Structures are given as structure tokens and as C-alpha cells.
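Enquirer: Mind assembling these two chains? They're in different frames, but the hints should get you there.
This is what each chain is made of:
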Amino acid sequence: MEFERPVFELQARIETLKQDSRVNAGEISKLISKLSELEGQVYRSLSAWERVQLARHPKRPTTLDYIRMISDEFEELHGDRYYGDDPAIVGGIGKMFGMPIMIMGHEKGGNTRERISRNFGMARPEGFRKTLRLLKMAEKFSMPVLSIIDTPGAYPGIDAEQRGQPRAIADNLKEIFGIRTPIVVVIIGEGGSGGALALAVGDSILMMEHAVYSVISPEGCAAILWKSREKAPEAASSLRLTSEDCLKFGIIDDIIEEVHGAAHRDPEGNAEKISERVASELERLQKHPIDILLKKREEKFFAMGEFEEPPQDA
Amino acid sequence: MNWLTRAKKGIITWRKKDVPDGLWEKCPSCGEILYRKELGKHLSICPKCRFHFRINASDYIDILTDDGTFSEINSGITSSDPLDFKDSKKYKDRLKASKKKTGRNSAIVTGTAAIKGHKAVIAIMDFSFMGGSMGSAVGEKIVRAVKKAIEERLPFVMVTASGGARMQESILSLMQMAKSSAAFAMLSRAELPYIAILTNPTTGGVAASFAFQGDIIIAEPQALIGFAGPRVISETVGEELPEGFQRSEFLLEHGMIDMITSRDELKGKLGFFLDSFMSGVSAIAEDKNLENDGKTISIIR
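As you go down the protein sequences, you meet chains L and E in turn. The first sequence maps to residues 83 to 396 in our numbering. The second sequence maps to residues -18 to 282 in our numbering.
No wet-lab data here; the hints were simulated from the structure. Take these hints with a grain of salt, some might be off.
Computed from the model, here is a short list of chain E residues facing chain L with C-beta under 8 Å [what the hints assert, rightly or not]: (1) ALA118; (2) GLU121; (3) ALA159; (4) LYS160; (5) PHE208; (6) GLN227.
Okay, derived cross-link-like pairs now, PhoX-like style, lysine-lysine, Cα gap no bigger than 20 Å in a straight line [unchecked claim]: (7) L:LYS377 to E:LYS129; (8) E:LYS71 to L:LYS313; (9) E:LYS18 to E:LYS29; (10) E:LYS81 to E:LYS71; (11) L:LYS378 to E:LYS128; (12) L:LYS313 to E:LYS67; (13) E:LYS70 to L:LYS309; (14) E:LYS100 to E:LYS129; (15) E:LYS70 to L:LYS313; (16) L:LYS309 to E:LYS71; (17) E:LYS128 to L:LYS377; (18) L:LYS309 to E:LYS67.
Residues from chain L that face chain E, not an exhaustive set, calculated with beta carbons under 10 Å [to be verified]: (19) GLU243; (20) CYS303; (21) LEU323; (22) PRO393.
Only a predicted model underlies this, so the values are computations on that prediction, with no experimental measurement involved. Quick reminder that beta carbons are idealized off the backbone N, C-alpha and C, glycines included.
Only chain E is shown next, with the shape it has when bound in the complex (with noise of 0.2 Å):
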């Protein structure tokens, strides 16, 4: 990469590395120097250029959910090394680790809980885990969520965050983009809302599947959005990528997401869109209902 490029306004470089545990964060986007504990309570916005620092799922849950109202489901799946991968490092010794850092069995977390009081399926993707990347454990834990959604007649929001597929688990991984959308297309059938809000990365595999088969696609500021990564592409097109590429603002502008949102107007915006779709989804409830004497009947199709 040239050092120009990194030069020009709006070109972010994103810490690799979680930040450590120190008092003070120094803003990427502004410079600003920020105390940590102040960070917090803005939901890790700077309060200054309102740059949304990377947030892991526990804190999405916090943001997203009311007070004490998300229950955790398949939290146990993990991935299993089936192709017994090794490159510098062992798959194992890499999942063992993430693990241990993040406290969870995979990239994903899921379960039911209430957005400002409509009851829906979560899946929300950690970035920690592997950089969010998808492997079987993954996909299996979405088809479920879905399945959940669908027997239950509740709509379902994913946060994603999510480099791609998982390299480790090669064709495995590669298979759970149709695993996912074959789960997707589902809910689809069955006339229930889908609402992705696409987090920074938001990139291949994960992006050209489930993150954009969401019915609403909300996007957080200045995300990384796309398929390719901007290095692959530079490097295959040999130049250098415009100002602002595959960033939240450049899909708004070609047309491929619904709306950017800042993080704090999440919730907001979520219980908009769930209290408009939900009351279509009762109403053809009670109307099955009526039909049939009002003896309950499913509409899963």
C-alpha cells in the first residue's frame, strides 16, 4: 500500500488487535484521546467524530435488548476440526484460544429476547472469535435460530461482524453461506421479517449470504461492507480503490442497503421496523384464526 493513500481524509485504519486494558484510547478516526470509561457509556461512539469503535456480541446484546430479557440458545456448538487443519498454527490451539479470550464456543451468539417489547430470535456475531468467521458451528446455530423463529411466528435481527468463511474448515465453511441462506429463504416463505444490521467487517462469504438476504439492511457508520477485501482488489486490479470504498456510506449510495444508523439509534430504529412488520404478521394470524372458528391453526409454510 502506498503511504499517500493512507495520507487522504476518510481512509480509517482498524486496530488489528482488541484494545488493551489501559484508562485512555486514542481515537483512529480523529486522534482524539479518550477516556476509556467515558468510551463506555457513549457505546463506544466517540464523542467527538462519532466513530464507532468495535463492540463484541455481549455488548450488542446490552444495546440492542431490553433490561434481562435475552435467553441464550445452542450456546454449547462449537467447531470440531474435521479437516484436522494446521498452518503456522493448529486450528485446535486457535479455537482453544478464542475461546478462552472470548468466553464463548464460536462466533456466534444466539437466543430470543425482547426489543422494545416485540419479542424476536437474536443472532449476533463476534468479531473476537476468529475475526467472526463462519465455520459449521456457525451455520449450524443460525439454521436453528431460524428454525426457532419460525415455530415460535418471530421475526429475527443478526448483527454481523464477520471477515467470511472460515479458511480452516475450507469446503465445509464455503457450504454454510447455502446452509444459511436455505434457512433464510425459510423465514422468507414463512413471512417473517429478517432485519441484518451489518457491522465493520462486514466481508465475504458472510456479506454474499445472509447479510444481505435481510428484508431491512441497516448499516453502522463507516463500516467495511463488500465481498473482496480492498487488498485483493487492489491488488488484482492494480490500482488504488476511491475514497471511501465499500465503506457503509459508498453502499447507501449505490444502492445496496436500506439506511446507515449510529449505534445508539439502533434500538430505536429496530422497534420501528418490528412493531410495523409484527402487526401485519398478527393481524394474518388472527385472521387464520377467525377463519377456522378460532380454533388455532399454524401458518408455517
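Just chain L, same shape as in the assembly (with noise of 0.2 Å):
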């Protein structure tokens, strides 16, 4: 991306350095604070829309990249049992620490054929049917969920229209309301719209800091409400989008802060911060009877929403 430039030449030049004999090794240590002073500067002022490039950084880890990296083992599960088997979605059973967990996600793919066979994320009805039932497997087995975000949203198709794309969202969410086991999320890139959501209700929700998440795409946005696609910039900045926002409108419980400036600067860094940040959520989720905690997912959302109401109608 065009804003990291000054990042990667800074490191171009220390590895350079590094090579050089002639180099002392103090100058080198203070290039390398400079670098990650640098990385907090052009990561923690970008604009909106930057952000969103950033979310969707072609480097950037996907939910298979941090399965690999927070769990020991994974073994993954397939199919909806009704259709077919969606690459977009991922599902299956982990260790964390030692322990089972039921892992699923959306798959962005990691570079472009591994994007085209999981559909660049897009999930179809038989996707959002396949963590339903891991979901149900999950909570009759008694493990926690880890459920993991990056999408643009759910496929705008006609097969999957014709399989029921609005009821297998729907049923997703109004399912897990009723899912007795504790459920941890974490967006890590691309929050997009109800293909999002539908595997985005919790008990604690957490977000990537520069990870994003809104209604509807700022290309989708600017083409409804500005009438044209190259208003996204400015859709970007109005849709307010960022983890920061998200977090002031109450939408999430915390923010995950990404090692050295972003997430694809370092993977396994920020891996760890997530699987510490899921490893503790989960330790705090599991103090709790399982019937106060659908009580609090309920209520949590139930809180969701800002509105105006006149004192004679309360």
C-alpha cells in the first residue's frame, strides 16, 4: 500500500545495514526504534478509507493464517449436511493450551486461486447452515467457540438466493441466542454486513484494531447514496467503520492493538495477541453459569442502538 512505503524502505534500509560489516550495531538499534516509532506513525493516522485497504490487505493473516498459528491441532469439519460444503466458511475442532475448542470463520484465501475457490470470503446459504451446526456440536460436547470475522458479505448470487439466503442468516441469529456455551468473535479484517454478523454474536466481541465493520461496503454505500462508486472515501468516513468507533457505539467489548503497526507486519505477533486476548475471555466467560451468560448475550444486544424517546411516551 502506498501509505506503508516509508515503513518498508526504513527496513529495506536496516536489513541493508545489516548486511554491512562496517555498520556498528548501535546505529542499527536505533533505526530500529525508529522503525517501530515510524509503524505507530503511519498506522495510527490513517483515514477511514485507508483503513478499509488496510482490512483488506492482500498480506494480511486470514482466519486459516491464525487457526495455523493459535491452535496445536486442527482438524477441520465440512458440509451442512443439507447441500454442499462452502469453501468461504471454515469450521472444526482445535486445541488451545491443551484444551477443545470449536473454531469457525470466514476464508478470504491467501493469494489469488486460493481467493477464487473460497469465493474471496462470500459465504452462500450452505456456509452460514455449516457453523450452525458446529455450533449445536459445540454446545453438546461443552466446548467454547471461537468464531472469526473477514468477509465482504454474504454472496449476492442466484443459487444462493435460491437456497434461502436470507433464512440461513436469520436462523443464525436467532439460534445462537439459544447456543449454551460460551462464544468468543473476533473480526479480524472485513466486518461486511449480515454475512458478518451472522457468525458474529457473542458473549465477548473483539476487534483487530484495524479491522472494519458496517452495514453495508463504502463502495456499496456510495453507490446507493452518492450515486457513484468513487465516493467511497467519503462513504468510508461517514459509515464510521473503525474498531474505535465500534467500540464507542458499544458494538464491541474490546480492541485487540496490532503488533509493530499492523497485523501483516508480523502474523505470528499478532496471533499471540489473540490467542492470550481469546485464552483470557474465554477463562473469565467460563465463571459464569451457562444461564446468566444467554441472559447477558441477550441483553447485549438488546442494548444495542441509540434512539430518541419524548418523556410522555417512556
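Expert: This is the structure we're talking about:
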């Protein structure tokens, strides 16, 4: 990305100097601390539209990258048992810190070929039905759930509509309030509309610093409200889709700060942060009796939204 | 869009704006010129081809409920523009215009009414209020209406008409899908019936939440129902959409809805289902009362 150029230039310079035996170590360490300062400056002063670019960064770790890094073992489970297996959504049983956990999420794919086969992380009804199947399995065997969000949205296709896209999402949204096991949600990249939300109801909702979460893509919003997709940068800022905005509006519980400025700069380091955070959230959630947890889950969402009400109507 | 697709039979272009006042109205389906007063007498159904013109929330109250039984609740709840949203127009101004046009404070009307003698909680979306879009006010009113149904052990009837979530409230409006779903999950646990009537259009976040959570899902004829809008789908897949795609008849064929019912028969159907479901609900309540030596107990779970 253009805005990252100073960071990469400095990093390249450090690498070159490291090869040069005439340069002393003190000078290099000075440059390294300058690099981390620069990372802070560059990645923390981005516009909303640049944040969207960062959330969609081609090098940004995907759900499967994180699953590989945070779980000791992972067995992927396939299929919705009604129609097919949706490659845009992955799910299965993993072990984190030796404990079994149901992990699911949207998978965008790491390169062009993968992205095409994963349909860019845009799920069809069978994807949502697969997650509901796995949620029920997790509940049955008392496994906690980690749900990882990264999608532009549900797939707007003829086949998806034919097989009941709205019903599939609606089912997830209704059923999840009755799933009797703790659920932690981490939004890692793009939280796009209903396709994201269908996997994003839980007891603890975390968001990576540079992830975005919105009702519609800035391009889609611009096309409708500004009648021009070119107005996407304006739409991005109007939509208030950054992690800070989501925290302010009470949509998420916390932000996971990204190390080395942005997740793609240090996938391992960021994965470690996620796994520590998920573990501490699960420990906290598992202290509550499940009925209390369900009540709180419901109340969390009942409290979302801002409206006005005249006093005589209250 | 290709001009040829429009020439095809069965593809109907809906008016974007409400029909201006005038004596005559042209049916967009069959082209028949209709006398407006006459059309009103037929519940805005074209007498020639049965095309259903769009009507507002007040019209549905008249059509579906017993005379004089409707009592509105939470009518004052309205959106507060938490994002200070501005596109080509300010959201505040759009809200003001919609309020003036409809005389309502939000895109949904909620309350209690009798339907063929059965008391029910009803919620009716109003497309003329910012396309029936769902923001925080709509979500809150639904939750309160559902809670009322549970408290009073009443069935719930919803009429949807919405393009989906309201963009001007961004993430807050997206969350209304989860919020309203939580309410209907609660209603379901309380074993109270929920009948959803889907009218033209029911798409996006409204379709992908409470519209498809009904125990019974009824659609008006030829209503556009789906998650993604036809234009978005057509652009994404790069091909023309099949004839009748995402219309009520298509959904019925694909097993997504229980039935298609003309507007003039809706009330009768509601009466039948409310009667069938609520006699079971009352019987359970009576059983529970007997078990407790006639002491009234709450069976709200």
C-alpha cells in the first residue's frame, strides 16, 4: 500500500545495513527504534478509507492463517449436511492450550487462486448452515466457540438466493441466542454486513485494531447514497466503521491492538496476542453459569442502538 | 440493465415514488387505467390483473385488524442520528422529510389489536418512511413489542416492507438484525406464535432476520423478497436474472415461504392461524393453572 512505503523503505535500509560489517550495532538499533516509531505514526494516522484498504490488505493474515498459528491441532469439519460444503467458511475442532475448542470463520484465501476458490470469503447458505451445525455440536460437547470474522459480505448470487440466503442468516441470528456454550468473536479484517453478523453474535466480541465493521461496503454505500462508487472514501468516513468507532458505539467489547503497526507486518506476533486474549476471555466467561451467560448475551444485543424517546411515551 | 429484459413478461418496474394525488392510476403490471377511488375500495389491488399496489402501515391496520381495536405503543421512539451522517443530504433532513410525509416517527408501527376476535401484538413496517429501512428505532420498537407479547401471552403478527438495514446508522443498524432476532428467539421460547407477512419489498437485513423467523411466513403476490437486491446480484454474477427471480412465486417454489395470499384474504388466514395456535396456547395455560390448584402462574420462560 502506498501509505506504508516509508515503513518498508526504512526496513529495507536496516536490512542492507545489517549486511554491512562496517556499520556499528548502535546505529542499527537506533534505526530499529525509529522504525517502530514510524510504524506507530504511519498506521495510526490513516483515514477511514485507508483503514478499509488495510483491513483488506492482500498480505493480511486470514482465518486459516490464524487457526494454524493459534491452535496446536485442528481438524477441519466440512459440509452443512443439506446441500454442500462452502469453501468461504471454514470450521472445525482445534486445541488451544491443550483444551478443545470449536473454531469457525470466513476464509478469504491467501493468494489469487485461493481467493477465487474461497469465493473471496463470501458465504452461501450452506456456509451459514455449516456454522450452525458446528455451534450445536460445540454446545452438545461443552466446547467453547471461537468465531473469526473476515468477509466482504454474504454472496449476492442467484444460487445463494435460490437456496435461501436470507433464511440461513436469519436462522443463525435466532439460534445463536440459545447456544449454551461460551462464544468469543474476533473480527480480524472485514466485518461486512449480514454475512459477517451471521457469525458475529457472541458473549465477548473483540476487534483487531485495523479491522472494519459496517452495514455495507463503502463502495456499495457510495453507489446508493452518492450515486457514484468513486465517493467510497467519503462513504468510508461517514460509515464510522473503524474499531474505535465500534467500541464507542458499544458494538464490540474491546480492541486488540496490532503489533508492529499492522497484522501483516507480524502475523505470528499478532496471532499470539489473539490467542492470549481469547484464552483470558474464555476463562472469564466460563466462570458464569450458562443461563447467566445467555441472559447477558441477549441483553448485550438488546442494548445496541441509539434512539430518542419523548418522556410522555416512556 | 438491458432494455430487452424489460420487455419480458412478468418483469415489473415498481414506482420509486409514492403515487401523486390524481384521479387516475395506471397499473404497472397490465397497463389498465384505474380510477383511484375504485382502486382504494379494492385494497389497492388491480381489479383486472390482481397486481398489488404498495400501501402504507395505516392501510394495513385497517385491512388486518378489527375496527377500532388498534392501540399503538411506543409511537414516539425515533432515530437520533448518532453518527451525524451526511451523504448528498443530511440524515437529519431525510428523517424530518419522512416524518412530515408519513406523520410517523419511525419506519414501523407497533401496537395491539384484535384480529378476527384474537388479541395480538402487531408490527407493521412503513415503506414510505425511508424505504422502510431498519435503524435503531425500528429495532427497539420490535423488541418492546415482542416483550409485550410475552408479558401478555399474545401472538405476534408482523408485516414487513423494507429495503433492509438503514445505511445512515451503519453498524448500529446492522446490530438491529441481531437485536430483533434475540427478541424473536425469546418469543419462540415462550411458545407464542409469530406470523410474518412479507410484502413488496422485503430485502436485505430485514429479510435476513425477523422476516424469515416466522412460524408461518405468508407473502403477498409478486413481492420482491431476497437478501441481495436484484441489481447487485446481476452486477456480481454478470448475467441476467431468471424471470420472476426473487418474487413471492419463486420463493414458494423453492420452499422458502408457506403461502402466497392476496391482500384481501390476509385477515381470514390470520384468523385461522391465530385460532389454531392460540387454542393450544390457552389449553397449556389452563393445564398449568389446574396443576397449581387454580392459582394463576406465569408460564413465561
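Enquirer: Hint by hint, say whether it matches the structure.
Expert: Now the hints, each set against the structure:
1. ALA118: holds (5 Å)
2. GLU121: With Cβ-Cβ at 5 Å, under 8 Å, it holds.
3. ALA159: holds (5 Å)
4. LYS160: At 5 Å from the nearest chain L Cβ, LYS160 of chain E passes the 8 Å test, so the hint holds.
5. PHE208: holds (4 Å)
6. GLN227: With a closest approach of 6 Å, the GLN227 of chain E hint holds.
7. L:LYS377 to E:LYS129: Holds: LYS377 of chain L and LYS129 of chain E sit about 18 Å apart, inside 20 Å.
8. E:LYS71 to L:LYS313: holds (16 Å)
9. E:LYS18 to E:LYS29: holds (15 Å)
10. E:LYS81 to E:LYS71: holds (16 Å)
11. L:LYS378 to E:LYS128: Within the cut-off at roughly 16 Å; holds.
12. L:LYS313 to E:LYS67: With a Cα-Cα distance of about 13 Å, the restraint between LYS313 of chain L and LYS67 of chain E holds, given a limit of 20 Å.
13. E:LYS70 to L:LYS309: Roughly 12 Å between the alpha carbons, so the hint for LYS70 of chain E and LYS309 of chain L holds.
14. E:LYS100 to E:LYS129: holds (12 Å)
15. E:LYS70 to L:LYS313: holds (14 Å)
16. L:LYS309 to E:LYS71: holds (15 Å)
17. E:LYS128 to L:LYS377: holds (14 Å)
18. L:LYS309 to E:LYS67: Holds, because 14 Å separates the two Cα atoms, which is no more than 20 Å.
19. GLU243: Constraint on GLU243 of chain L satisfied, holds at 5 Å.
20. CYS303: Given a least distance of 5 Å, the restraint on CYS303 of chain L holds.
21. LEU323: Since chain E brings a Cβ to about 7 Å from LEU323 of chain L, closer than 10 Å, the hint holds.
22. PRO393: Result: holds, 9 Å to nearest chain E Cβ.
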